[in-house]
Amino acid sequence: MDAGAEATPVKVSARDLDVFYGATQALHGITLDARANRVTALIGPSGCGKSTFLRSINRMNDLIAGMRRQGTILLDGRDIHDPDVDVVDLRRRVGMVFQRSNPFPKSIYENVAYGPRIHGVSDRTTLDEIVRTTLEQAALWDEVKDRLGASALSLSGGQQQRLCIARALAVEPEVLLMDEPASALDPLATARIEELIHELKERYTILIVTHNMQQAARVSDTTAYFYMGRLVEMGPTAQIFTNPSKQETEDYITGRFG
Amino acid sequence: MNESTAARPRALDAVAAASSESRRRAARRAESLFGAVVRTAAFAAILVIVLIFVFVGREALPLLWQDATPGHESETVTWSSLAGPTTYPDRPPRHVWQPVSTVPKYNLAPLVVGTLKTTLVAILFAGPLAVLAAILTSEFAPRWVSQVVKPTIELLAGIPSVVLGFFALMVLATWLQQILGVRYRLNALTAGIGLGIAVIPIIYTVAEDALAAVPRSYREASYALGASRWETAVRIVVPAALPGIFAGLALGFGRAVGETMIVLMASGNAALTTWPLTDSVRTLSATIAAELGEVVFGGPHYRVLFLLGVLLFLFTFAVNLAGELTVRRLRERLGGRA
Amino acid sequence: MSSRIPGRPAGAWKGHAFVALCGAAAAIIVAMLAVILFDVVRSGWAGLGWQFLVSAPSEGMRGGGVGPAIFGTFALVLLMTIAVVPLGVLTAVYLFEYARPDSGFARAVNLAVSNLAGVPSIVFGLFGLGFFVRFVGGGIDRVFHGGELAWGKPSILWAALTLALLTLPVVIVTTGEALRAVPVAAREASFALGATKWQTISRVVLPQSLAGILTGAILAVSRGAGEVAPIMFTGAAYFLPKLPSRLTDQFMELGYHVYVLSTQSPDIEATKPILYSTVLVLLFLTFLLNATAIAIRARFRAALRPQDA
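Protein chains in written order, with this note's numbering: chain H, 1 to 258; chain D, 259 to 596; chain F, 597 to 905.
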């Protein structure tokens, strides 16, 4: 299992990444590799910087006034802060699913078609096919195929979150960032999402932020433990959970704090 | 039908294909264009304020540096003729606004007096009513009372001022005349009460906001000491909100000074400098409205009317700025509702 | 144990008196509105009728109706809306979507907007005359018509533009409120899919703020429909034999008509029934607009509330 985790190429790679919000430093020299077709879990107590790190990968932090950065992140070996890199294209290639499901108040169909449309797909049959295939990938198609015109807000919480995953997949990303995607869901809906993550890693590089230790243990291949803006330890999930090399990691995992 | 999810569906390549470099470049262009458009629109808001000042001022200014034409000194307008009394050979000097006469007199004193009289009546009438009503709805009233008072205020705010002017002229004037037995139906009191109705909503709204911004913790601290609701309201909440209440009064005052139709219709429009509130008056705003239609473009009278506009603009600008800043500071200090 | 603090009941009557005073103030305000409405409806109701709404004044304003004034009012606020809504919405989009709230320019725009709201309406009238009629209109005539008078005179276009500036703050403030009601999450979702700011605003934010923008437009129309001072010198006319058909025509307007009927009539008693009916029409129109706006706003404010928590 560990050998398998090493086999795929590095997809996302952070190099000495510092992030500041105004005067406070949120990330300290993060260096981390996430491999293709693997799930990398980011764990750690609230405010440890794991979400900030996630949002650095698709440059969502750029939207925050007063954000400053040193060091960089490479996607397929290429600097995402290179002036030639178009942030729009970057975000198309790096999809994101948020903690709270946030479908647009539009129809189910329009939610999924939104991304393709803004990237210039206007042909109806192509859009139809994108909507169908991505809803299938998100394991939502069978539940909604008869009411694609219904409002996305009429779906249950778990369905909404899968719709948001479908919406993210519809622009054909290579990397999928998930920020506590199941934290607002009940156990049943959470299980569906976790199952889905297993299927999706066949095609995508996934980074997932989670508060839930069991979830990290269940879905991820690699786990990174963040504490106070620093990457404390990173390694194969099985190793991190059974035999961490740092005392702090063990304390957190065994629930002694956090 | 049977496509496996592992095989890359063809349709998905469409997104990458459509998202070409040229398209992205077009999107970036649209982006910067739109950014420029909204920035321009926002700039227009500033521009309008500047233009108002410049263009109203532009029509008034030539007045102040033109030289007296020899032989027509009495027709030219000077600072002293705007402010000082007119002297007569056979009578004591008086402040006179008499723009249409063989020797036009542009003394502003009667207009300033008229404006002050009507606005003071308005504030004295509207201030207590609006502030007390605001205290009622924010501190004491059960829900149903607020549900009557608040829509009433909103409706009152929605009444066009020409309708209030009409009401003051047709109804209020008659009532006041019957009650007080005054000589002139249209006077400072009638116009002032009409104006008061117009400014109640603004005073109420600002005062209510200020009261609501007082943190709940202040009230709870007072209740915990055994103070009753009214004691808390009078000793804690109202003093804390006082700057906001004053700001409301100031904004109401600014509005009353600038309001035109009500005073134009209900004040009698006689430019007198007498003290009784039951005399007719002529205000700055009503003078502009009444006389601008009949003046020669570019003449001294025309320019004096624009000068009145400049005065009104500057005055309301200052009052609003002061009121606005007070409200903002109060809100920051109380740290209540954003 | 004796307390140095006096017992409660001593001051209780003061509390009751104070609350009663506040209640009386509120009651007086409610009563004033009731009296105004009652008076106008009672005296104006009889004269209302289809004929009154469509026909032109006759017999020196002692007969006929207010048809041309209603038409003029509608035409005026329509033109005004076309001018003010795009400008107001774009300014609000700048303030709430683009500007950093602490930037000097944003502060200046905010200050300008709140001060614009306080400029007396008669000053807008002066500005309309000095800027639109004399400067812009006169300029057009000098450049394109060889000085012949075509645009450099009061007209419905200049009156509408003057009103548009007067109502600009209303549209900006209400639109801004609606933009704030759109959750940050909706914007993030769009950006995360690779949408540009313009795409996010035009496809996600503005559609979700439509109710608020509509409210702003209606409030602006309601305000504009009742203002008289700004249009007195920029385009409104006492009486016109025919309806305005071009942008450079003058027009009759309800509010101005009320002013004319109540102050310029040689025989006020004879004009009274018509006057009251005209006021009733104007009041009904503005109340209807306001009520609509308040209803829509209440709905989107309710939608906003959970986001606050």
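These aren't lab readings, by the way, just hints derived from the structure by calculation. Heads up, some of the hints might be wrong.
Chain D is faced by these chain H residues, among others (derived, beta-carbon under 7 angstroms) [as the list claims (entries may be wrong)]: (1) H81; (2) D82; (3) D84; (4) V85; (5) P116; (6) G120; (7) V121; (8) R124; (9) V171; (10) Q247.
Beta-carbon label-pair distances, calculated as ranges [claimed, not checked]: (11) D:P473 / H:P45: 47 to 53 angstroms; (12) H:P83 / D:G556: 54 to 60 angstroms; (13) D:R587 / F:E655: 25 to 31 angstroms; (14) F:A887 / D:T432: 48 to 54 angstroms; (15) D:S486 / F:A620: 27 to 33 angstroms; (16) D:G556 / F:I736: 17 to 23 angstroms; (17) D:S475 / F:A887: 49 to 55 angstroms; (18) F:E655 / D:V295: 29 to 35 angstroms; (19) D:E279 / F:I736: 44 to 50 angstroms; (20) F:P869 / D:S475: 56 to 62 angstroms; (21) F:L674 / D:L579: 50 to 56 angstroms; (22) F:S651 / D:P497: 57 to 63 angstroms; (23) D:S475 / H:H81: 58 to 64 angstroms; (24) F:A807 / H:A23: 54 to 60 angstroms.
Covered stretches of chain F (in silico footprint by chain D; criterion: 3 or more residues with CB under 8 angstroms from a CB of chain D, positions within the stretch not fixed) [said to hold, decoys possible]: (25) 671-678; (26) 686-695; (27) 733-740; (28) 749-755; (29) 791-804.
Note that the structure is a prediction, hence the values are computed from the model and not measured. By construction, the Cβ of each residue, glycine as well, lies at the ideal position given by its N, Cα and C atoms.
To see whether the hints hold, each was checked on the structure:
1. H81: With a minimum Cβ separation of about 17 angstroms from chain D (threshold 7 angstroms), the hint on H81 of chain H is violated.
2. D82: Since chain D brings no Cβ nearer than about 15 angstroms to D82 of chain H, farther than 7 angstroms, the hint is violated.
3. D84: This hint is violated: D84 of chain H lies away from chain D, its Cβ roughly 10 angstroms from the closest one there, beyond 7 angstroms.
4. V85: 11 angstroms, violated
5. P116: Holds, about 5 angstroms.
6. G120: 4 angstroms, holds
7. V121: Result: holds, 5 angstroms to nearest chain D Cβ.
8. R124: Interface hint status for R124 of chain H: violated (12 angstroms vs cutoff 7 angstroms).
9. V171: 5 angstroms, holds
10. Q247: Interface hint status for Q247 of chain H: violated (42 angstroms vs cutoff 7 angstroms).
11. D:P473 / H:P45: 47 to 53 angstroms: Between P473 of chain D and P45 of chain H, where Cβ atoms are some 31 angstroms apart, the hint is violated.
12. H:P83 / D:G556: 54 to 60 angstroms: 58 angstroms, holds
13. D:R587 / F:E655: 25 to 31 angstroms: 59 angstroms, violated
14. F:A887 / D:T432: 48 to 54 angstroms: 30 angstroms, violated
15. D:S486 / F:A620: 27 to 33 angstroms: 20 angstroms, violated
16. D:G556 / F:I736: 17 to 23 angstroms: 19 angstroms, holds
17. D:S475 / F:A887: 49 to 55 angstroms: At roughly 37 angstroms between Cβ atoms, A887 of chain F and S475 of chain D fall outside 49 to 55 angstroms, so the hint is violated.
18. F:E655 / D:V295: 29 to 35 angstroms: 52 angstroms, violated
19. D:E279 / F:I736: 44 to 50 angstroms: Given about 45 angstroms between the Cβ atoms, the range holds.
20. F:P869 / D:S475: 56 to 62 angstroms: Check passed, 58 angstroms falls within 56 to 62 angstroms.
21. F:L674 / D:L579: 50 to 56 angstroms: 34 angstroms, violated
22. F:S651 / D:P497: 57 to 63 angstroms: 59 angstroms, holds
23. D:S475 / H:H81: 58 to 64 angstroms: Hint violated: Cβ distance 46 angstroms, outside 58 to 64 angstroms.
24. F:A807 / H:A23: 54 to 60 angstroms: 40 angstroms, violated
25. 671-678: violated (count 0)
26. 686-695: Since 8 is at least three, the answer is holds.
27. 733-740: violated (count 0)
28. 749-755: violated (count 0)
29. 791-804: holds (count 5)
Checked against the numbered hints given earlier, this structure breaks hints 1, 2, 3, 4, 8, 10, 11, 13, 14, 15, 17, 18, 21, 23, 24, 25, 27 and 28; the rest are met.
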